[in-house]
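Participant: Sequence:
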Amino acid sequence: MISRLARITSMTPARAIDPLLARSLKGEALPEEEAMVREWRRTAPENEIEYRQLARLVEWAARVPELIEVPPRPSAAELIAPGRLGSRVIPLRRRFSKVGMAWVTAAAAAIVLVVGTSFYSQVRGRPSAGSVLGIREIATAKTEAATFELEDGTVIRLASSSRLQVLAGRSRREVALEGRAFFAVAHDGTPFVIRTAAGEVAVLGTRLDLEARGRDLRVVVVEGHVALSTARQRTQLRAGEMGRVLNGAAVPVVKVPDVDSFVEWTGNFLAFQSTPLHDAAREIERVYGARVDIQDDDLAHRVITAWFRDKSLAEVVDVVCLAVAARCSIESGVVRILPEAHGGGR
3 MISRLARITS
13 MTPARAIDPL
23 LARSLKGEAL
33 PEEEAMVREW
43 RRTAPENEIE
53 YRQLARLVEW
63 AARVPELIEV
73 PPRPSAAELI
83 APGRLGSRVI
93 PLRRRFSKVG
103 MAWVTAAAAA
113 IVLVVGTSFY
123 SQVRGRPSAG
133 SVLGIREIAT
143 AKTEAATFEL
153 EDGTVIRLAS
163 SSRLQVLAGR
173 SRREVALEGR
183 AFFAVAHDGT
193 PFVIRTAAGE
203 VAVLGTRLDL
213 EARGRDLRVV
223 VVEGHVALST
233 ARQRTQLRAG
243 EMGRVLNGAA
253 VPVVKVPDVD
263 SFVEWTGNFL
273 AFQSTPLHDA
283 AREIERVYGA
293 RVDIQDDDLA
303 HRVITAWFRD
313 KSLAEVVDVV
323 CLAVAARCSI
333 ESGVVRILPE
343 AHGGGR
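The numbering used here puts the first residue of the sequence shown at 3, with every later residue one more than the last.
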């Protein structure tokens, strides 16, 4: 026991102590395990801060079902109705078994980001088989849009009058698009390929707006970089740049003065994939018309992975603060974000 405690308290990696923390916070730890956790907390100030953050996360996660009105689970007949989801299916991942809980999904992402998947699976458990929803093709009508998450964690906002096919497999991440969509592509060693009639876009992890109609294509990179390929040419684009294909031929890349104007169509929607807080703050300002004041330079560079649809500013700020281990307050249209050690706020 002493040697085991020495290993944990001297190395103090979160992965090594995750199971103990999970059992402690759930009230299931043995007395000797509680002693080990207490010793770990005393070893370094950052350990105590981490423990308190985890306790807040667990308490908050337990209250989620009470805070959100969850729509009823659709029946099998509704899921396969013509025009609803298409005719063919592949798995799309849901982080929770209740359909329609986008805020909960974002909270789950925040928990994983702060403490790792090992601790999260210990506290919440893994998704059940009943939580998996299968879709291969999604088509939207003229007056509707769709938001969904692929099995790899990529989030897609599909615009009206658009169609997306997911061509998934164990060794590839690939979709085909006709219409318009916003992609928040999860970081992965496998390229994510978006195929269109005009060309294809390949990325590893980025956010972009893509519109493809016939042999014409336009892609605007919000974050990261992408490769745009046609039959004759391959072009690299970076954040703030726009690439176009007209009648199958690529045209010169241009700098976009206002990237936000190209994503306004997504409405009250935000999707972040390892996005620095200072970039996420700018988009929160755009969507909610609030001013975000990050009062720490190091905090501004912490990253967040989460997505939100039709959520209030307060709900978004709650999850963002959990994800970056910060304290936040909202007053008179101003969001203030401070390091955890400053106290106060949310």
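Bear in mind the hints are in silico, worked out from the structure with no lab data behind them. Note that the structure is predicted; figures quoted are calculated from it, not measured. Beta carbons: idealized from backbone N, C-alpha and C, even for Gly. Careful, some of the hints might be misleading.
[As the list claims (entries may be wrong)] Think about it this way: if two alpha-carbon atoms lie no more than 25 Å apart in a straight line, the pair counts; the simulated SDA-like pairs of lysine to any residue are:
| # | residue 1 | residue 2 |
| --- | --- | --- |
| 1 | 144 | 257 |
| 2 | 257 | 289 |
| 3 | 257 | 280 |
| 4 | 257 | 227 |
| 5 | 257 | 288 |
| 6 | 144 | 266 |
| 7 | 144 | 213 |
| 8 | 28 | 54 |
| 9 | 28 | 43 |
| 10 | 257 | 169 |
| 11 | 144 | 43 |
| 12 | 144 | 154 |
| 13 | 257 | 242 |
| 14 | 144 | 178 |
| 15 | 257 | 312 |
| 16 | 144 | 174 |
| 17 | 144 | 54 |
| 18 | 257 | 240 |
| 19 | 257 | 197 |
[To be verified] Listed next, with one range per pair, are the computed distances between beta-carbon atoms:
| # | residue 1 | residue 2 | range |
| --- | --- | --- | --- |
| 20 | 312 | 37 | 45 to 53 Å |
| 21 | 302 | 234 | 38 to 46 Å |
| 22 | 33 | 262 | 52 to 60 Å |
| 23 | 204 | 37 | 48 to 56 Å |
| 24 | 236 | 143 | 30 to 38 Å |
Participant: Hints first: check each against the structure and report whether it holds.
Facilitator: Against the structure, the hints:
no. : hint                  : verdict
1   : 144 / 257             : violated (30 Å)
2   : 257 / 289             : holds (23 Å)
3   : 257 / 280             : holds (21 Å)
4   : 257 / 227             : holds (13 Å)
5   : 257 / 288             : holds (20 Å)
6   : 144 / 266             : holds (17 Å)
7   : 144 / 213             : holds (15 Å)
8   : 28 / 54               : holds (14 Å)
9   : 28 / 43               : holds (17 Å)
10  : 257 / 169             : violated (31 Å)
11  : 144 / 43              : violated (56 Å)
12  : 144 / 154             : violated (28 Å)
13  : 257 / 242             : holds (6 Å)
14  : 144 / 178             : holds (19 Å)
15  : 257 / 312             : violated (30 Å)
16  : 144 / 174             : violated (31 Å)
17  : 144 / 54              : violated (48 Å)
18  : 257 / 240             : holds (9 Å)
19  : 257 / 197             : holds (23 Å)
20  : 312 / 37: 45 to 53 Å  : holds (46 Å)
21  : 302 / 234: 38 to 46 Å : holds (42 Å)
22  : 33 / 262: 52 to 60 Å  : holds (55 Å)
23  : 204 / 37: 48 to 56 Å  : holds (52 Å)
24  : 236 / 143: 30 to 38 Å : holds (35 Å)
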